[in-house]
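Chains P and H are the protein sequences, given in the same order.
Counting from 1, one number per residue, gives the positions in the first sequence under the numbering used here.
Counting from 1, one number per residue, gives the positions in the second sequence under the numbering used here.
Just so you know, nobody snuck in bad clues.
List of simulated lysine to aspartate or glutamate pairs, DMTMM-like, C-alpha gap at most 25 angstroms:
{"hint": "1", "chain 1": "P", "residue 1": "Lys64", "chain 2": "P", "residue 2": "Asp80"}
{"hint": "2", "chain 1": "P", "residue 1": "Lys64", "chain 2": "H", "residue 2": "Glu113"}
{"hint": "3", "chain 1": "P", "residue 1": "Lys113", "chain 2": "H", "residue 2": "Glu109"}
{"hint": "4", "chain 1": "H", "residue 1": "Lys327", "chain 2": "H", "residue 2": "Asp207"}
A short list of chain P residues far from chain H (calculated; beta carbon distances all over 10 angstroms):
{"hint": "5", "residue": "Arg23"}
{"hint": "6", "residue": "Lys25"}
{"hint": "7", "residue": "Phe47"}
{"hint": "8", "residue": "Tyr49"}
{"hint": "9", "residue": "Ile75"}
{"hint": "10", "residue": "Lys76"}
{"hint": "11", "residue": "Gln92"}
{"hint": "12", "residue": "Gly122"}
{"hint": "13", "residue": "Ala176"}
{"hint": "14", "residue": "Ser229"}
{"hint": "15", "residue": "Ala314"}
{"hint": "16", "residue": "Gln315"}
{"hint": "17", "residue": "Ala316"}
{"hint": "18", "residue": "Lys325"}
Not close to chain P: a few residues of chain H, all C-beta gaps over 12 angstroms, as computed:
{"hint": "19", "residue": "Arg13"}
{"hint": "20", "residue": "Ala149"}
{"hint": "21", "residue": "Gln517"}
Simulated from the structure, these hints should not be mistaken for lab results.
Quick reminder that beta carbons are idealized off the backbone N, C-alpha and C, glycines included.
Below, each chain spelled out in residue letters.
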Amino acid sequence: MGRISTFGQHLYEGRVSFDFVGRRKLWYSVSALIVVLAALAFIVRGFNYGVEFKGGVEFTAQVKVANSESADDMIKGVEDSGVAEAGDPTVQTSGENTIRIQTRALTQDQATKVSQSLEKAGATEVSQNLIGPTYGKQVATKALTGLIVFLVVIVIFIWAYFREWRMSVAGIVALAHDLVITAGVYALSGFEVTPATVTGLLTILGYSLYDTVVVFDKVRENTRGILSSNSKTYAEQANLAVNQTLVRSINTSITALLPVAALLVVGAGVLGTGPLKDLALALFVGMAAGTYSSIFIATPLVSQLKEREPSMMAQAARVMARRSKEDGGFTVGSASVASRPVQASGAAKRVQPSRKPRSQRGKGGS
Amino acid sequence: MAATPKRSPNRARPGRTLALFLAAIVALYGLVALIGVTADKGDDSPWHPKLGLDLEGGTRITFQAKAESGGVTTEKLDQARSIIDQRVNASGVAEAEVTTQGGDQIIVEIPGEKRANIVDEVGKTAQLRFRLVWTGNLASAAAPVDTAADQKVVNDLDWSKLSLDQVIAAETTGLPSLPPEYQAGVASLQKVAAGFTCNPDGLEVEDVAAKPLVTCDPATGEVQILSPTVIEGTDVSSADAVIPQGQVSWVVALELKGQGKKAFSTITDALFNQLNAGNDQASRFAVVLDGEVLTAPTTNGHFTDGKSQISGNFTATTSKALANQLKYGALPLTFSVNGSEEIGPSLAGSQLNAGLIAGVIGLVLVVIYCLLYYRGLGLVIIGSLLVASALTYVMVLLLGKGVGFTLTLPGIAGLIVAIGITADSFIVFFERIRDEVRDGKSLRLAVEAGWVRARGTILAADAVSIIAALTLFIFAIGVVRGFAFALGLTTLIDVFVVFFFTKPLVSVLARTKFFGQGHKLSGLDASHLGISGRKISEIARTSPAGTAGKAN
Numbered sequence: 001m002g003r004i005s006t007f008g009q010h011l012y013e014g015r016v017s018f019d020f021v022g023r024r025k026l027w028y029s030v031s032a033l034i035v036v037l038a039a040l041a042f043i044v045r046g047f048n049y050g051v052e053f054k055g056g057v058e059f060t061a062q063v064k065v066a067n068s069e070s071a072d073d074m075i076k077g078v079e080d081s082g083v084a085e086a087g088d089p090t091v092q093t094s095g096e097n098t099i100r101i102q103t104r105a106l107t108q109d110q111a112t113k114v115s116q117s118l119e120k121a122g123a124t125e126v127s128q129n130l131i132g133p134t135y136g137k138q139v140a141t142k143a144l145t146g147l148i149v150f151l152v153v154i155v156i157f158i159w160a161y162f163r164e165w166r167m168s169v170a171g172i173v174a175l176a177h178d179l180v181i182t183a184g185v186y187a188l189s190g191f192e193v194t195p196a197t198v199t200g201l202l203t204i205l206g207y208s209l210y211d212t213v214v215v216f217d218k219v220r221e222n223t224r225g226i227l228s229s230n231s232k233t234y235a236e237q238a239n240l241a242v243n244q245t246l247v248r249s250i251n252t253s254i255t256a257l258l259p260v261a262a263l264l265v266v267g268a269g270v271l272g273t274g275p276l277k278d279l280a281l282a283l284f285v286g287m288a289a290g291t292y293s294s295i296f297i298a299t300p301l302v303s304q305l306k307e308r309e310p311s312m313m314a315q316a317a318r319v320m321a322r323r324s325k326e327d328g329g330f331t332v333g334s335a336s337v338a339s340r341p342v343q344a345s346g347a348a349k350r351v352q353p354s355r356k357p358r359s360q361r362g363k364g365g366s
Numbered sequence: 001m002a003a004t005p006k007r008s009p010n011r012a013r014p015g016r017t018l019a020l021f022l023a024a025i026v027a028l029y030g031l032v033a034l035i036g037v038t039a040d041k042g043d044d045s046p047w048h049p050k051l052g053l054d055l056e057g058g059t060r061i062t063f064q065a066k067a068e069s070g071g072v073t074t075e076k077l078d079q080a081r082s083i084i085d086q087r088v089n090a091s092g093v094a095e096a097e098v099t100t101q102g103g104d105q106i107i108v109e110i111p112g113e114k115r116a117n118i119v120d121e122v123g124k125t126a127q128l129r130f131r132l133v134w135t136g137n138l139a140s141a142a143a144p145v146d147t148a149a150d151q152k153v154v155n156d157l158d159w160s161k162l163s164l165d166q167v168i169a170a171e172t173t174g175l176p177s178l179p180p181e182y183q184a185g186v187a188s189l190q191k192v193a194a195g196f197t198c199n200p201d202g203l204e205v206e207d208v209a210a211k212p213l214v215t216c217d218p219a220t221g222e223v224q225i226l227s228p229t230v231i232e233g234t235d236v237s238s239a240d241a242v243i244p245q246g247q248v249s250w251v252v253a254l255e256l257k258g259q260g261k262k263a264f265s266t267i268t269d270a271l272f273n274q275l276n277a278g279n280d281q282a283s284r285f286a287v288v289l290d291g292e293v294l295t296a297p298t299t300n301g302h303f304t305d306g307k308s309q310i311s312g313n314f315t316a317t318t319s320k321a322l323a324n325q326l327k328y329g330a331l332p333l334t335f336s337v338n339g340s341e342e343i344g345p346s347l348a349g350s351q352l353n354a355g356l357i358a359g360v361i362g363l364v365l366v367v368i369y370c371l372l373y374y375r376g377l378g379l380v381i382i383g384s385l386l387v388a389s390a391l392t393y394v395m396v397l398l399l400g401k402g403v404g405f406t407l408t409l410p411g412i413a414g415l416i417v418a419i420g421i422t423a424d425s426f427i428v429f430f431e432r433i434r435d436e437v438r439d440g441k442s443l444r445l446a447v448e449a450g451w452v453r454a455r456g457t458i459l460a461a462d463a464v465s466i467i468a469a470l471t472l473f474i475f476a477i478g479v480v481r482g483f484a485f486a487l488g489l490t491t492l493i494d495v496f497v498v499f500f501f502t503k504p505l506v507s508v509l510a511r512t513k514f515f516g517q518g519h520k521l522s523g524l525d526a527s528h529l530g531i532s533g534r535k536i537s538e539i540a541r542t543s544p545a546g547t548a549g550k551a552n
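Chain P extracted, bound-state conformation (with noise of 0.2 angstroms):
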């Protein structure tokens, strides 16, 4: 754990630095195919919906031993009942003594007659859903409203508090990147989606937003009153910024993803099925993919979004003057940033006490 301090040590005086911001074209392109792949899941696999946006009704009978044989049970239960809209069920067993049994709408008189005829074949306890024909309509609309109101608020949120429209641009393209890998995977997986998933889903869009906004907080921090100095670019100072704030970042993602973890496997371990199951895988991969995208995509992208400003760019021109004069030709480029050798350490030379003789050093940053 040390190392990880030490680490962080480095990173913050900028000893050490990945290059976040330079190779932008690289992290985009990973980025890239991992969402067409995850949209290529989404469109080969598709969703698996769950009973609650078809419609239907879903039994959950508790039985002794969860099996093969006791699952033949309840079908046959479900024949047994009389009850001919109830044919041909889906059932699966779900841990170790639950089988869920899914049939087509019914009315509620017949999913009560199947129940009782479940019991019979020696369920212990059936528990029943029923879910009307309109019901995941509702979830679904209300969810894309929910959606579509969160988004303009958040972009007039950021918009306000930085002051910045293209952060607001930068953290919508890092969520929508979030929510679009969440998507893929969750069609890989085969889990059902419900309007658990559902609420998992709008969680990352709150997630992923305070992840980058941690992040940008440091940018904006970094690059106040850049255009009067001639040290650093925005460029150079936003990929600072994301390399200070890394060990935060590491240490929040896997302070966060525990407890979801926990929440996975005790749901689909215990439960087997159920809202904790499609929340937490959700939430798991919307907060790991949250979390990439907040160094990857979001502050890449404020940076490029930023330099096209003619300000920054001539700002930006005086920083390449003054460097190729002083080190007799050093270019930036986004290999060089990486290399550079010590005297790069930005903003924390703030106040930090150095033995070096003022002529010798870079003039500190802000």
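Keeping the supplied structure of chain P fixed, place chain H upon it in accordance with the hints.
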């Protein structure tokens, strides 16, 4: 905890903030205890959170309301809710909770029982009808008699062929005045009435508009044979509880419109004559809601303009209740079943256990990680998480009592997910402190400087989280809202804990020798931070950049 800090030159007194905050939490627990003392014995213990159906077992039915005209208004929905509430209670279910949701849904929750079979009975459209009292003042049978065969005779007849005049004549001049083909039906009606028991806990009658009805007034127990419907409840244009000028008792002012107005004029003309002739019983008509007689007044006037007053021994409350029933009794709302759930107790129990287990595992994992990484500071995180948990628990208890917040499985998931978000605030803060220490500040200064920087970040990030929770809460359906609520609640608690507990605690600790001087286990020692004394700049000068993770 550290010794009480001396009066610091700074205006901030972290020790006092800390004490006040902890006292506030204790006060909240005191409030719960107070509720426990003052509560009736029958109430649930205030120390247990109110559990949702998915954790306790029971039945949940969701009705979707549709308006035939004019849209679903809050007023209509509330009235429908109270009607459904009455029906659920009438069906013999105790402790059911009927609530509205999302502006057009009504949720019936019955804890502990599997009763989805009441759905048809409860969800049928409310029917308010005016009928004539063909025969009144019958006694309720001591024991129910099976009159299904007679009921069938009644049902098989086509009563809609009777004219309004014939229906009125049956009351004013007696049932034998009906055409001969109906006499078998009349005999059967009388048999049904003779075997009818007036059970206030749920009448089992089938209220069909075009057929006569045998039913009773549950308040008085009077059994009546009623005519086919003469006025539909939809013809009621207004009904208000008033005290007429110059009088002292409450009446219900009723106004009819359309067909009802015309029919009412014809009916009251005939019935008022009966009253004048001293034949009180033959001047009664009945207002029937869902097959139950609300009131069966005598007619003491000929009302041609549709306006009339129903008087009786009304109080302010009972007259208002009747007025509301008349006004909304025939709500133009129809209900479809959106879904119904029956959750057995053992499934609910295993869901509750799974949620708790996941929560404990998640918390323990986070605690272990924080201790390993932040060492002494990890204890601060653990303390903060414990305080946050204590605060969350007491809030769940109080909100359960106050606004009926129930803990559901998604709610527990929300609380678990929030562990990570809460811990993140501490991490942001600590990383900032360490950054400041790396910049060469003393710990005491680093804490204050780091806090100023971390504060903004924490607030901004938590604001995003709260916006997300609010959006989810507003736009989510059903139990999913429990998740959003839990998430929003814990995010708010996180802000309080960071501001009033973690920060003051760290300020206090920074004055101790253990943390202030960077003890090996404090998480703030030089080597742990990667600084070996002040040699750092030299090392920096000689080591090539890009050697990631090379420890000193």
